[in-house]
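Chain A is fixed; fit chain B onto it per the hints.
Protein chains: 2
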Amino acid sequence: MDNAVDWVAVDWGTSNLRAWGIGADGSVVFEKSSPKGMGKLARDEFAPALVEVLDHLTPETGTRLDVLICGMAGAKQGWLEAPYVEAPTDLRGLFSGAVRPVVDDGRFAPAILPGVCQKAGDDNVMRGEETQLLGLAALNPDFSGLVCMPGTHSKWAQLSGTRIEHFSTAMTGEMFEVLRTNSVLRHSLTGDLDGPARAEGFAAGAADGLEHPERLLGMLFRVRAGSLLSGRQPDWCAGYLSGLLIGTEVASNRHLIGDAPVPLVGSPALCRLYQDVLGMIGADGAPQDATEIVLAGLKAARSFAA
Amino acid sequence: MDNAVDWVAVDWGTSNLRAWGIGADGSVVFEKSSPKGMGKLARDEFAPALVEVLDHLTPETGTRLDVLICGMAGAKQGWLEAPYVEAPTDLRGLFSGAVRPVVDDGRFAPAILPGVCQKAGDDNVMRGEETQLLGLAALNPDFSGLVCMPGTHSKWAQLSGTRIEHFSTAMTGEMFEVLRTNSVLRHSLTGDLDGPARAEGFAAGAADGLEHPERLLGMLFRVRAGSLLSGRQPDWCAGYLSGLLIGTEVASNRHLIGDAPVPLVGSPALCRLYQDVLGMIGADGAPQDATEIVLAGLKAARSFAA
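Top line first, the protein sequences correspond to chains A and B. Anchor point for the first sequence: position 18 equals 18 in my numbering, and the numbering is continuous, going up by one each time. Anchor point for the second sequence: position 258 equals 258 in my numbering, and the numbering is continuous, going up by one each time.
FYI, nobody ran anything at the bench for these hints, they're computed from the structure. Do not rely on the hints blindly, as some may be mistaken.
Since the list gives no way to pick one copy over another, a pair counts as held whenever it fits inside one copy or between any two copies.
List of simulated lysine to any residue pairs, SDA-like, C-alpha gap at most 25 Å [stated by the list, open to error]:
(1) Lys119 with Ala225
(2) Lys119 with Pro196
(3) Lys119 with Gly145
(4) Lys119 with Phe95
(5) Lys40 with Val178
(6) Lys119 with Ala207
(7) Lys40 with Asn182
(8) Lys76 with Asp289
(9) Lys32 with Asp276
(10) Lys299 with Gly282
Here the structure is a predicted model, which is why all the values come from computation and not from measurement.
So here's chain A without its partners, still in its complex pose (with noise of 0.2 Å):
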C-alpha cells in the first residue's frame, strides 16, 4: 500500500481524466491520467475506469479512500448527475452538493462536485470551471474581478473571494474547429495551418474582430475571400480565423475589463494567445497554471466540507 496518500483529487472532463493522490500533508504523492473522458464511456463504465487508474492503492483495512471529482463525470450523461448549484453562490458550499456514486470495488469512496449554472433570463452552465474558480480563490485570497478561462466553450467568470457573481459561456474553440472540418472554410483551411504566416493572420483577425465584433458572420467570409483573391496561405488563414474569433470574444466582454488583470486559466499556448489579444487593447491577462488551480481548487472544496 501506498501509505501516504490520504485522499485522490480527480479532473474528469470529456476527453480524458487526471487523477492525484494527496498526501495528509497535502503534497501530491502520485500522478495518474487516463484517456477514458466522459465523453467515451457508457454510465457503467465510469466506476471500472477509476479503479483502473487508481488500482495501485490498497486503503487501511475497514476503510474506504475518498475520491473528489470535479468535472464532466457529472454531468446528465455522465456517471451520476451532480445537480446544478445556482449562481449567485459562494464555492465555498461545493461540497456540500457533491453526489456520491458507488463503486462496488469496495476500496474507493468517491463524490462528485457539482456544476454551477445561471437562470433568470441569463440561463448558463458550467462544469469543473468552478472548481477551477474555487481554486484561484484559495490561492489568491484577496483577488475579486474577472477572470477568463479560454478553451472549447471559454468562460468568463466574475469572483467575489469565493463567491461567484456571473459568468458566461464564448463558444469560441469549438467554432473554429467546427468551422475548419464543416464549412467552406475548410478549403481555406487545408494544409499547413502552422506556417510562418499564422502570426500575421492572427493579429489581422484579432484587429477585425476588436474593431467589429458585431460583424462576425461578415467578417469569418474573408478568410475564404482571402485566400481566393489575395493568395492567402492555410497558415495566415487559420491564424486569421483564430485570431477573428479570440478578438471578437474579447471585445464582448470588454466592458467587464477594468484595469487590473485577468487572470487566464487554460492551456498554456492559448492563454497566450488571449494574452496578446487582451495586450491590443491596453488590457493585462495573467496566465496561470491550470494544473495548479484545479487541484488547490479540489483541496479547498474538501477544505470546506462539513
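For chain B alone, coordinates are given in the frame of chain A:
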C-alpha cells in the same frame, strides 16, 4: 424543333441547374431543371449535363443556340473559370467578361457570366448574385440602395442603378447548418424542429441578436443552456438559433439600413423571416420573386452585350 426558342437562360448553382428557353419576344417558352449542380460535377461532366437538359432542342441548320449561364459553373472548381469583375462596377458590363466553354455536341454556344469580387482590404466574392442584382436593377430602373439576399452565404449589396458599389457576405445559413449538425448544440436540435414553439424561439433569438450582435459567440450557448435548464424543446431551440443568427446579421448591417424598403432576394420562407426581423427594428423588407429576378438579370446581361 422548338422554333420559338431564341436563346436559353441558365442559373447554374452549387446544388442544381435551372434552364429557361426564351422566345424572340422575351417570353419563357420552356423551363427545365436538373439536380446536377456545380458541387456534384467534375469538369468534364458540365457539358453532358447541359446537353441532357437541352436535348429536346434543335437549332436551325448551321446555327448554334446561345446559352447564357450565371452562377457557380464559372467558379474555379466549376466548368470554366470566369474571372471576377471587380467592384465598384457597372453590371451592364457583365457579358463582356463572359467565358465560352466548348460543347462538342454542336448545337449550343454557351457563355458563362463572371462573378464580382471586391479587394482593397475588404476581400469578398459573389457568383450568381451579381446577375440577380442586374435583374433587380432592370426591373426597377429607379432603384438605388441596399439589397439583402438571404441564403447559405447572405449578400448585402449597395446598388446605384446598375452599378454595384460595395457588398458583404454573412455566413448565416451555413452557420445554422454546421452548428445544428456538428456542434454541441446538436443535442438541443434533434427531433421536431418545426413544432409550435419555433416562432417563439425565433422571436427571442432575433431580439437577442438585434440587441447584442457583438455577443454572438456567447448567445449561441444559450441554445444549449436553455434546453438543459429551462426545458426548451428542439423547435424552440431551432427557432432561437435561426433568429439569433439572422438578428445578428441584420444588426451588423443596421448602419446601412435607411427609411427605404430593403429588397429581399431569396427563398420565400427565408425572405419572410428577414422581413420579420427588419420589422423588429422598424425597417421594411420587400421580398422579391427570385426566379423573375434572375431571369431578368440574364436577359439584361444579354441585352447589354456588345
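Now for the hints, and whether the structure bears them out:
| no. | hint | result |
| --- | --- | --- |
| 1 | Lys119 with Ala225 | between (40 Å within a copy, 9 Å between copies) |
| 2 | Lys119 with Pro196 | between (45 Å within a copy, 24 Å between copies) |
| 3 | Lys119 with Gly145 | within (21 Å within a copy, 43 Å between copies) |
| 4 | Lys119 with Phe95 | within (21 Å within a copy, 57 Å between copies) |
| 5 | Lys40 with Val178 | both (20 Å within a copy, 23 Å between copies) |
| 6 | Lys119 with Ala207 | between (33 Å within a copy, 18 Å between copies) |
| 7 | Lys40 with Asn182 | both (22 Å within a copy, 17 Å between copies) |
| 8 | Lys76 with Asp289 | neither (29 Å within a copy, 48 Å between copies) |
| 9 | Lys32 with Asp276 | neither (33 Å within a copy, 55 Å between copies) |
| 10 | Lys299 with Gly282 | neither (35 Å within a copy, 55 Å between copies) |
Comparing the model with each numbered hint stated earlier shows that hints 8, 9 and 10 do not hold.
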